[in-house]
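As a plain string of letters, each chain reads:
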Amino acid sequence: MRLEQVTKTYHMGEVEVKALRETSLDVFPGEILVILGPSGSGKSTLLNIMGGMDLPTSGEMFFLEENLSRAGDKRLTAYRRNEIGFVFQFYNLIPDLTARENIELAADLVDQPIPVQDVLGAVGLADRADHFPAQMSGGEQQRVSIARAAVKNPRLLLCDEPTGALDYQTGKLILALLVKFNQEQGSTVIIVTHNTPIGEMAHRVVRMRDGAIADIRENTAPLPPERIEW
Amino acid sequence: MSALNNKLWRTIGKTKGQFLAVVAVVAIGIAVYISMTTAYYNLNASKEKFYRDHNFADYYFQVVKAPQEIIKQVETVPGVAKAAGRIQKDVALINDYNKRATARLTGYTLPMAYEINSVQLLSGRFFNDQTAAGQSGQYAHTGNIEILTDPQYAKGNNLKYGNTVTIVADGRAMPLTVVGTATGPEFVYLMKDAGTLLPDPQTFGVFMLAQKDAQQILNMPGEINQVLISFVPGADVNRVVGQVEAILKPYGNLGGYAGKDQLSNAMLNSELSGLKTSSQFMPVIFLGIAAAIQFVILGRMVRAQRTQIGVMKAIGYRSWQIIWHYTGYAVLVAVCGSAVGTLLGLALATVMSQVYALYFNLPTLIGAVNTAVILYGLILSITISTLAGLLACRSVLAINPAESMRSEPPQGGGKTIFEGWAWLWRRLDSAWKMSIRSVYRNKGRFAVTMFGVVFAVGMLVVSLFTIDAVNYMTESQFQQNERYDYLIRFAAPVQKNELFNIDRIKGVQKAEPLLEIPVQLTFNGRNNDDLVTGMNPGTTLKRLFDADGRGLQVPEKGLLISQKTAQKLGVTVGDMVAVETKLALGPVRQSTLKVMGINQQLVGGGCFVSLAQANLLLRDSQLVSGVMLKVEPAYANRLETQLDEMTAVSSILSRQKEIDNFAQTMGATIYSVSVLVFFALLLGFAIIYNASVISFSERQRELASLRVLGFSIRDLSGMLFKETILQSLLGVALGLPLGYWMAKGYIKSASTDLFTLPVIIYPTTYLFAALGGFAFILTAHFLAVKGIKRLQLVEVLKNKD
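These protein sequences, in sequence, are chains A and B.
Residue 0 is where the first sequence starts when you use numbering that gives the first Met the number 0, and the numbers rise one by one after that.
Residue 0 is where the second sequence starts when you use numbering that gives the first Met the number 0, and the numbers rise one by one after that.
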């Protein structure tokens with residue numbers, strides 16, 4: 000994936016907010032990319048554009064050489080459906096569906112999903128499959144959320160503050176899961192966070208400030224999440 | 000899409016109260032549609048089949064008497080497909096228990112396979128028509144004349160095979176033997192004449208017998224007094240009728256009427272058209288309101304699940320998949336509602352068919368389950384629900400997955416118009432302010448709810464109005480207009496001084512004569528068959544009123560014309576109308592009378608002149624054809640017996656019996672009114688319940704916050720109630736006048752030539768409708784917000800959704 004001079008401008012009432020200014024970024028297959036930055040630095044906007052949930056105001060976005068920056072809703076939906084897995088800060092599970100059904104919800108969308116039972120096992124929730132979100136802890140819910148993203152076997156796993164609402168230990172567990180999917184399925188994992196130490200686990204770390212990329216640092220020896228401290 | 004389906008089921012499970020409420024509304028709509036449409040189709044099919052099988056006549060001509068052979072001449076008129084001549088005449092009838100009644104003798108020639116207006120045997124056997132052949136005179140008195148009666152008369156008078164009934168014809172009492180029951184297409188709904196409100200099978204019956212016997216009894220050998228024809232398809236009806244009339248003129252043509260005006264047929268058709276109107280109009284109201292409720296429910300659901308929708312979109316669901324998911328709720332409502340409604344509708348249709356079987360003499364009452372109707376019902380409800388669903392969920396399209404993850408901005412409060420009125424606004428407490436602002440914020444939902452309440456209350460008014468109308472009709476007909484205890488009619492006009500015999504009967508307090516003359520009124524080339532009643536200007540036992548309810552005096556000269564006739568002829572006060580008498584006896588007389596006033600009657604029509612004027616019409620001076628009596632109640636029975644013995648008397652109309660007969664029919668009315676009232680209450684309940692549930696669940700956080708601040712449950716309950724009350728007061732207030740207009744519209748579509756229901760709504764009806772409205776509002780509201788007691792403060796505040 001390649002972003003070229005991407006700009007995103009929001010209109011909040013009469014105020015114009017530049018959430019993203021002329022940002023260019025390449026994403027390589029199979030890498031773990033961590034985007035760091037304080038709130039308001041434009042990292043979530045960047046993630047949303049990469050995930051096909053939002054379109055840039057100007058600039059181009061290419062995915063496998065296809066320009067998606069002007070794509071219609073239909074194309075973007077197909078893109079999200081087939082290529083992207085999302086993990087949200089607040090899990091955003093469907094409250095009326097059990098863990099298993101939340102995962103099935105996503106599995107129903109693709110032709111060859113990973114078996115739901117396998118994914119449940121992989122996130123360690125095989126015995127909680129029939130619980131509703133309200134009956135699960137935050138960590139469990141986030142694991143369901145990861146399973147829901149992973150079941151489609153997407154090329155890109157986009158995570159918006161995946162540990163933001165979780166305690167320290169649970170957060171590390173979640174990160175370990177993301178690494179596991181990266182290694183076992185070869186998915187590209189992009190994690191957006193304001194938590195700097197998480198950058199230690201990435202192949203590359205992108206720092207953002209005021210809607211632009213401040214620097215990109217390559218990490219020759221990424222640490223496993225278990226060894227990261229914050 | 001199994002996961003999405005699971006979500007749908009769970010959503011329904013969570014909102015089962017609301018779901019059931021809408022299902023109930025749809026079910027009622029479908030039940031009404033199916034029952035009425037099925038009843039309509041079945042009744043209509045029964046009628047069509049019966050009319051076709053028995054050659055229902057297209058036109059009837061009445062003559063004084065004409066030779067049988069005239070039919071051959073009528074048949075030669077181009078455009079006439081078939082013609083038949085027969086005898087049909089009303090004669091006095093003496094029941095076993097000595098009550099005077101009327102028999103309509105109708106003659107037939109056997110076998111009657113292809114005859115016009117042939118009859119169908121229902122029980123017993125056909126009368127023997129050979130007895131009279133070749134003989135003359137004597138046999139008629141031996142009592143072996145066989146007849147068939149209509150089934151109602153047989154039932155009403157407990158007649159069995161072989162029983163004898165006695166008629167008075169040509170001044171002689173004559174026994175007839177009943178050998179069975181039969182009915183024909185012109186006897187489906189039996190009423191003596193248009194002036195009678197309802198069928199009274201005890202005192203009016205149709206006697207079918209051999210034509211030759213009828214001729215013998217009435218002393219009309221070889222003669223007929225009625226000609227029936229059917230037209231060739233596409234015939235110029237007016238020309239054919241004109242030509243037939245010309246042929247019949249020498250024999251005292253008394254006028255004619257088309258098959259559509261034939262009393263039984265007109266009554267049947269008016270019932271059918273009423274059914275059809277209601278079957279189209281009622282379900283639309285219910286399904287429309289159900290759609291409105293679903294619109295509100297789904298609209299709210301989409302708003303509440305904004306984030307979930309965003310997630311689904313982020314995962315890769317297409318907008319239409321999500322829209323169909325939510326619309327599926329509406330479709331399920333439609334399917335469940337249709338299923339319940341179909342069963343209910345079929346049950347109701349059976350009940351309706353049974354009621355129709357009581358009133359209408361259709362030998363084969365087709366009880367078909369019309370699958371097409373069921374299918375239409377299903378399609379109708381699914382279509383309406385789907386449209387409501389799609390419309391309500393279209394906002395799904397606008398949801399941007401990225402934005403939906405952020406919390407929704409607080410809904411724009413904005414000032415309400417009330418806040419412009421500072422003096423008022425300052426006086427309101429904060430609960431009222433919140434309620435008013437909340438209503439203002441949800442204008443669409445407020446409108447839908449109010450609209451529903453308006454309709455439910457309007458329907459309550461219309462349902463209850465039926466009772467008012469009938470009460471008013473009874474009141475005005477029996478208390479105001481007709482104040483006599485008995486109306487006696489003579490077989491033929493008699494000299495006035497013969498009334499002394501009746502005057503002398505013990506118990507008669509007052510006797511006022513009248514002279515009724517069938518006439519044809521002509522004005523500006525338009526004409527109308529009518530009945531002119533002559534009575535003395537000071538008559539007290541029958542009173543007349545104009546359209547505004549003011550009393551009218553019978554003028555010495557000129558006539559009072561009924562409003563319906565006036566409309567038909569385009570006559571106004573001061574016009575001169577031509578009057579031609581159509582009495583069976585004596586020559587036709589022509590006069591011209593000035594219209595002195597227009598009178599209105601709820602039942603029947605008729606024009607009125609002074610007794611002297613009526614006599615002038617006949618070029619006579621002392622004739623009367625009937626008398627109205629006021630009697631002392633204690634002597635009533637003895638008086639009836641004495642009157643029964645007078646052979647000159649052809650009918651005795653007892654007001655008390657009419658009132659009783661009427662009251663009996665009221666039973667059926669009250670039954671259908673209570674069904675309607677129940678439907679209206681349920682409708683109102685469903686609407687308020689849904690609105691309250693939605694408003695409650697939307698504001699759980701707000702309410703929980705208020706609880707945390709220290710508001711009591713009672714405070715909150717009062718706050719929610721204020722919002723409901725705002726909608727309800729307006730709804731009820733608008734529903735009452737709407738009810739009036741609906742009643743007016745209904746009457747306009749249901750009124751027949753025969754009678755008009757007045758749009759009279761008593762204040763108590765409005766009161767009851769309003770009370771009914773508040774009853775369903777309060778019940779629904781408190782059921783909906785009963786969860787307020789279980790409000791989990793911490794949980795509600797914590798959960799985002």
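Think of the hints as simulated: they come from the structure by calculation, not from any bench.
Small disclaimer: the values here were computed from a predicted structure and weren't measured.
There could be a bad hint or two in this list.
Residues from chain A shown here face chain B by an in silico Cβ test under 10 Å; the list is partial [to be verified]:
no.	residue
1	20
2	24
3	68
4	69
5	72
6	94
7	104
8	147
9	178
No residue lacks a Cβ here, since even glycine has one placed at the ideal position from N, Cα and C.
| What hints, given by number in increasing order, does this structure fail? | 1, 2, 3, 4 and 9
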